[in-house]
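**Student:** Assemble the complex: chain A is given as a structure, and chain B must be docked to it using the hints.
Line order of the protein sequences matches chains A and B.
Just so you know, numbering that gives the first Met the number 0 puts 86 at position 87 of the first sequence, and the rest follows in order with no gaps.
Just so you know, numbering that gives the first Met the number 0 puts 161 at position 162 of the second sequence, and the rest follows in order with no gaps.
Please keep in mind that the hints were generated in silico from the structure rather than gathered at the bench.
One should not assume that every hint holds.
The calculated lysine-lysine pairs, modelled on BS3-like cross-linking and capped at a C-alpha distance of 27 Å, are [stated by the list, open to error]:
no.: 1; chain 1: A; residue 1: 47; chain 2: B; residue 2: 590
no.: 2; chain 1: A; residue 1: 21; chain 2: B; residue 2: 554
no.: 3; chain 1: B; residue 1: 590; chain 2: A; residue 2: 59
no.: 4; chain 1: B; residue 1: 100; chain 2: A; residue 2: 47
Example chain A residues on the side facing chain B (calculated, C-beta under 8 Å, incomplete) [said to hold, decoys possible]:
no.: 5; residue: 6
no.: 6; residue: 20
no.: 7; residue: 45
no.: 8; residue: 84
no.: 9; residue: 87
no.: 10; residue: 89
Anything over 10 Å on all C-beta distances counts as not near chain B; from chain A, calculated [said to hold, decoys possible]:
no.: 11; residue: 11
no.: 12; residue: 60
no.: 13; residue: 73
no.: 14; residue: 77
no.: 15; residue: 80
Note that this is a predicted model, so its numbers are computed, not measured.
C-beta: ideal position from N, C-alpha, C; glycine also.
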Amino acid sequence: MTNWIDIAALDDIPQRGARVVKTSDGCVAVFRTADDEVFALNNACPHKAGPLAEGIVHGKSVTCPLHNWVISLETGQAQGEDDGQVTTYPARIENRRILLDRSFLRAQAAA
Amino acid sequence: MTQKLVVIGAGMASGRVLEHLFEANAGYDVTLFNAEARGNYNRIMLSPVLSGEKTYDEIVTHDADWYEANGVTCRFGEHVTAIDREAKTVTGQNGTVAYDKLLIATGSAPFIIPVQGKDLPGVITYRDLDDTNAMIDAAAKGGKAVVIGGGLLGLEAAAGLAERGMEVTVLHLMGHLMERQLDESAGFLLRRDLQNKGVRIICQASTVAILGETHVEGVMLEDNTGLEADLVVMAVGIRPETRLATDAGLEVARGIEVNAQMQTSDLDIYAVGECVEFDGHLFGLVAPLYDQAKVVADSLVDEPNAFVVKELATKLKVTGCDLFSAGDFADGDGREDIVFRDPARGVYRRLVIDDDVLIGAVMYGDTADSNWFFGLIKDKTDISDMRDTLIFGPAYQGGTPLDPLAAVAALPRDAEICGCNGICKRQIEDAIAAGATDLGAVRATTKASGSCGTCTGLVEQVLAVTLGDDFVMPAAQSICACTDMTHEDVRRMIKSRALKSMPAVWQECGWKTSCGCHVCRPALNFYLLADWPLDYADDPQSRFINERKHANIQKDGTFSVVPRMWGGITTPDELRAIADAADKYAVPTVKVTGGQRIDLLGVQSEDLPHIWADLNAAGMVSGHAYSKGLRTVKTCVGTDHCRFGTQDSTGLGIKLEKTLWGSWTPHKLKLAVSGCPRNCAEATCKDIGVVCVDSGYQVSIGGAAGMDVKETELLVQVATEDEVIAVIKAVTQLYRENAKYLDRIYKWMAKVGLEWIKEQIDNPQTRQALVDRFELSQSIYRKDPWAEHAADKSESYQPLANLALEAAE
Chain A
0 MTNWIDIAAL DDIPQRGARV VKTSDGCVAV FRTADDEVFA LNNACPHKAG
50 PLAEGIVHGK SVTCPLHNWV ISLETGQAQG EDDGQVTTYP ARIENRRILL
100 DRSFLRAQAA A
Chain B
0 MTQKLVVIGA GMASGRVLEH LFEANAGYDV TLFNAEARGN YNRIMLSPVL
50 SGEKTYDEIV THDADWYEAN GVTCRFGEHV TAIDREAKTV TGQNGTVAYD
100 KLLIATGSAP FIIPVQGKDL PGVITYRDLD DTNAMIDAAA KGGKAVVIGG
150 GLLGLEAAAG LAERGMEVTV LHLMGHLMER QLDESAGFLL RRDLQNKGVR
200 IICQASTVAI LGETHVEGVM LEDNTGLEAD LVVMAVGIRP ETRLATDAGL
250 EVARGIEVNA QMQTSDLDIY AVGECVEFDG HLFGLVAPLY DQAKVVADSL
300 VDEPNAFVVK ELATKLKVTG CDLFSAGDFA DGDGREDIVF RDPARGVYRR
350 LVIDDDVLIG AVMYGDTADS NWFFGLIKDK TDISDMRDTL IFGPAYQGGT
400 PLDPLAAVAA LPRDAEICGC NGICKRQIED AIAAGATDLG AVRATTKASG
450 SCGTCTGLVE QVLAVTLGDD FVMPAAQSIC ACTDMTHEDV RRMIKSRALK
500 SMPAVWQECG WKTSCGCHVC RPALNFYLLA DWPLDYADDP QSRFINERKH
550 ANIQKDGTFS VVPRMWGGIT TPDELRAIAD AADKYAVPTV KVTGGQRIDL
600 LGVQSEDLPH IWADLNAAGM VSGHAYSKGL RTVKTCVGTD HCRFGTQDST
650 GLGIKLEKTL WGSWTPHKLK LAVSGCPRNC AEATCKDIGV VCVDSGYQVS
700 IGGAAGMDVK ETELLVQVAT EDEVIAVIKA VTQLYRENAK YLDRIYKWMA
750 KVGLEWIKEQ IDNPQTRQAL VDRFELSQSI YRKDPWAEHA ADKSESYQPL
800 ANLALEAAE
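The following block holds chain A by itself, in its conformation from the complex (with noise of 0.2 Å):
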């Protein structure tokens, strides 16, 4: 059962850029990219949990701003050399507007 929620207006977050959502179990990054679309990931790099939020987004990857791992938007998969992943959440828009599901989160957050 999906249980979407409306989370902000896109345009809140520029183009490739990031916002964090907080909850109960820490932050999520919502990342949107050139092409507008929006993904969202655990903000913390696999390596030493850096703020993803704060990476330089290209493509549909992000650079962690304290070691430059790339991770993946996509998959939350590390790239290249450097091996590692992160949590991804559904996120979608709908009018313009960010929509993340709760009860992913909510069951993340349980496990």
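**Tutor:** Showing chain B alone in chain A's frame:
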């Protein structure tokens, strides 16, 4: 039966004839006369010998072992006095030798202008090693030199003498330098570059007399200007040396007349090189001389071959200045010009087009594409389709990838790579296939790039194209995987094609990714805002987080906040405000930095706009401790308090910081001003340091105290604060416009050379233009980003939503 070949003159042409002959095992018994007391050497390289870059031993092309191995009877240092065509003998000072075939290679003699005093001691020409050594000896005594003649030889002599510490003036009869190879604009650039090297140049100067009693003392010009001189170098031109041929009754016009087999009017006597005249042409460049040498060698072994005069391009390096000219570049009816100038880099290109065909080209400063242009001239290619972008060279034409290697790969097999030796791409490729896998081996087997060396880069590119990954190009790397272009290539494109947005760069430079990556985007953002301050809007999303949020990210995702303290000076009120802010936002660590200010570490992202607003209210602004830009200007207390201080170092530091703050630079920029040479502000390990002395201010650059530790090198000493500020603005702008992103000044300086930087700063016009461009940029960027973000962007520092609160309800 072995035939006897006698060769008169051991120059570059005859040396090449003998090489071909021995390679063909022609079986000649050779006697080689040379008036100079030595054998064959590379005359083109006399200039590096004069300037001290090379020694004579390095430019010898054939040594005693080579002559011995090939059985050459050497009669060096012996003048030939007569040729007897009836008896078929040649008579030298030490005796007579018989010949079956004779080769005259007497070269040319310098033209001496017939003025009073031309025979005085201290008046020399510039033709051979003895002349070169005479100049080196004269320069060792110092003093003043006058070079008569502003052609290639004269300018090389002038630059070499200046390099050796003489005060040099060049007198040139015509309106601009090297008028046969360059048009007026290129001549102007050459003149400027030479003047920046300390050579004085007087054009339209007609010499009427050389003055002196027992030794040269001066030169008198037609307009009665007198110039002092301890040395006069006459380099007004050369004429074929034909005396022996004339005496022997051979047909001589301006040079010794030869047919296409290089035979003189006596078919057993050949002539080669600068002494010959063929079909009305005389020859001075090395390429046709080598062609002639091949024809002579073939004719001597009865191989059919014929000399033809080819279209010639001149590609020269005059004292470090690259220049190129080819074809006909005079103005004319129906001719169109395409001109490209980059004043900052001293680059000039002019193409002359007649009826959609390129007929002439002049290039100065950057001659990388000259072979391609020369090919268009030779082949009379219709250029109408690429007219719009023609001036930018082959890399910018149509669908061709923007890769210099692709341009080389696209060259046909018979494209000439080495003009001096007439080596085509095919010969280089064949040599590589036969096992020559580096530059040295290609040079050894084909001679490509072995004479003047200007095609070295091209030969390396042929190696790279042919060998692929097996050849490691000793060249710059591409910015990142998004592009094959180097930082330098991209900067050039941004400037030359006026690319003013990131998408324009991606498009025009063929980026392989949709929107770059974390490596290239910050670099491009900097290049664009540095080159187009008024047109380009800074892109925060292409900045590293520190520059996007104007604070330094820490390992736990919090930030550090450093307010500016101008020149390291603060007040009790500022300190109280900092203390209050530290309390209010529960700052865990307060630290004094190395740049004389205070760092508040551990601030949460959402608190940043608020702490900034508080600090702004106390009169403080961003310290840019996070930026690739102006960081701090560290100072000592100078004359205000210090008993050793020579100038107001604190005041100057504050002025500098107030004028430079907010500027973006390729990497961080740290300054310091010390009030005396005790250097308490440690100015000599900063990017730019000022050390005050009694007589003024020493401005030095290129220091570092990070991964590398470097001491600064002196840029200039000036007398006033205003000059210090102008010089520092200018050098900062020069760095901003030219350096690779993330190169500190010392790395940039290692690439362009302190001398080049000095030349730009020393030239008053260039300096002022740099200052003006810096001020233009500062009109946009000299402002406090904290105030702006606190007022307008505070919201973006907050979480997008807080679901934790909702869960708690």
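**Student:** Identify every previously stated hint that the structure contradicts and give their numbers, smallest first.
**Tutor:** 3, 4, 7, 8, 9, 10, 11 and 12
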